[in-house]
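Under the working numbering, think of the first position of the sequence shown as 1, with each following residue one higher.
It is possible that some hints are incorrect.
What the hints assert, rightly or not - Lysine-lysine pairs mimicking DSSO-like chemistry, simulated, CA-CA at most 27 angstroms apart:
1. Lys267 - Lys248
2. Lys235 - Lys12
3. Lys213 - Lys235
4. Lys248 - Lys12
5. Lys235 - Lys267
6. Lys107 - Lys267
Quick caveat, the hints were computed from the structure, so don't treat them as lab data.
No experiment lies behind these values; they were computed from the predicted model shown.
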Amino acid sequence: MRLLFIGDVVGKAGRAAILDEIPALRAAWDLDCIVVNGENAAGGFGITETICGEFLSAGVDCVTLGNHAFDQREAMVFINRQPRLIRPANYPPGTPGCGANLIETAKGQRVLVVNVLGRLFMDALDDPFPAIERELSACPLGAACDAAIVDFHAEATSEKQAFAHFVDGRASLVVGTHTHVPTADHQILPQGTGYMTDAGMTGDYDSVIGMEKEEPVRRFSTRLPGPRVEPASGKATLCGVAVETDAKGLAINIAPVRVGGRLSQAKPEFWG
Numbered sequence: 001m002r003l004l005f006i007g008d009v010v011g012k013a014g015r016a017a018i019l020d021e022i023p024a025l026r027a028a029w030d031l032d033c034i035v036v037n038g039e040n041a042a043g044g045f046g047i048t049e050t051i052c053g054e055f056l057s058a059g060v061d062c063v064t065l066g067n068h069a070f071d072q073r074e075a076m077v078f079i080n081r082q083p084r085l086i087r088p089a090n091y092p093p094g095t096p097g098c099g100a101n102l103i104e105t106a107k108g109q110r111v112l113v114v115n116v117l118g119r120l121f122m123d124a125l126d127d128p129f130p131a132i133e134r135e136l137s138a139c140p141l142g143a144a145c146d147a148a149i150v151d152f153h154a155e156a157t158s159e160k161q162a163f164a165h166f167v168d169g170r171a172s173l174v175v176g177t178h179t180h181v182p183t184a185d186h187q188i189l190p191q192g193t194g195y196m197t198d199a200g201m202t203g204d205y206d207s208v209i210g211m212e213k214e215e216p217v218r219r220f221s222t223r224l225p226g227p228r229v230e231p232a233s234g235k236a237t238l239c240g241v242a243v244e245t246d247a248k249g250l251a252i253n254i255a256p257v258r259v260g261g262r263l264s265q266a267k268p269e270f271w272g
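Go ahead and model the full structure; you've got the sequences and the hints to work with.
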């Protein structure tokens with residue numbers, strides 16, 4: 001299968017990049033499944049039903065979330081009727097929505113998508129390790145699903161790496177989100193799981209992690225509170241990771257993706 005994961009979409013600039021680029025990338029690379037992290041899509045904080053619908057209509061197969069999952073209160077309602085919107089699986093029992101779902105592609109393939117939230121330097125939820133163990137055991141790769149994509153939304157690189165090794169051989173891709181900066185460590189782990197510590201954001205990089213830079217700079221330099229930060233509005237770079245899997249659902253090729261905006265461009269050479 002050909003899988004594409006796109007990192008945190010930030011604000012209007014990020015949304016525009018998704019709507020502009022996804023249809024062309026899907027066609028050019030003959031993609032089977034596209035997953036997008038959308039937890040910062042609505043003004044940098046959360047997601048709305050309208051935005052989620054626009055992503056799905058543009059060709060996205062599934063949208064994952066993170067620590068801002070319910071910043072937009074309407075998400076607590078519409079997430080129950082949108083099975084392709086996935087919040088972290090380690091929220092406590094009774095939380096609206098689901099932390100994993102089996103997505104059927106246009107070609108009839110089955111892709112398990114799981115979203116998990118880290119605990120280091122974050123507002124801690126339940127332990128992410130038992131949560132991923134539960135989800136992968138319930139839907140084993142190569143038996144109940146043809147591919148498995150895990151979005152580990154976390155701050156600490158050590159926690160992300162440990163988590164990936166914990167599931168190596170049981171997922172097609174483990175990709176980190178949340179820090180909004182693409183890492184250069186895309187690799188295939190020893191047992192066949194594709195991994196990247198952070199996919200980066202889809203947003204304007206003339207910013208501070210996607211936000212207009214003046215207010216964050218002022219806060220850091222003065223240590224004084226101020227107005228709410230707002231998403232930067234320049235042209236976004238769409239950032240993510242591309243993975244090709246074998247018949248068992250394990251990764252055989254992996255490459256970073258950076259399209260448009262300020263960052264150096266990167267596309268998977270193995271897809272031409």
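Consistency of the hints with the structure:
Only pairs whose Cα atoms come within 27 angstroms are accepted, and Lys267 paired with Lys248 is accepted, the gap being roughly 24 angstroms. At most 27 angstroms may separate the alpha-carbon atoms for a hinted pair to count; Lys235 and Lys12 meet this at roughly 10 angstroms. Only pairs whose Cα atoms come within 27 angstroms are accepted, and Lys213 paired with Lys235 is accepted, the gap being roughly 15 angstroms. The suggested pairing of Lys248 with Lys12 is violated, with an alpha-carbon distance near 38 angstroms, which exceeds 27 angstroms.
Only pairs whose Cα atoms come within 27 angstroms are accepted, and Lys235 paired with Lys267 is accepted, the gap being roughly 18 angstroms. Note on Lys107 and Lys267: the hinted pairing holds, with a Cα-Cα distance of about 24 angstroms set against a maximum of 27 angstroms.
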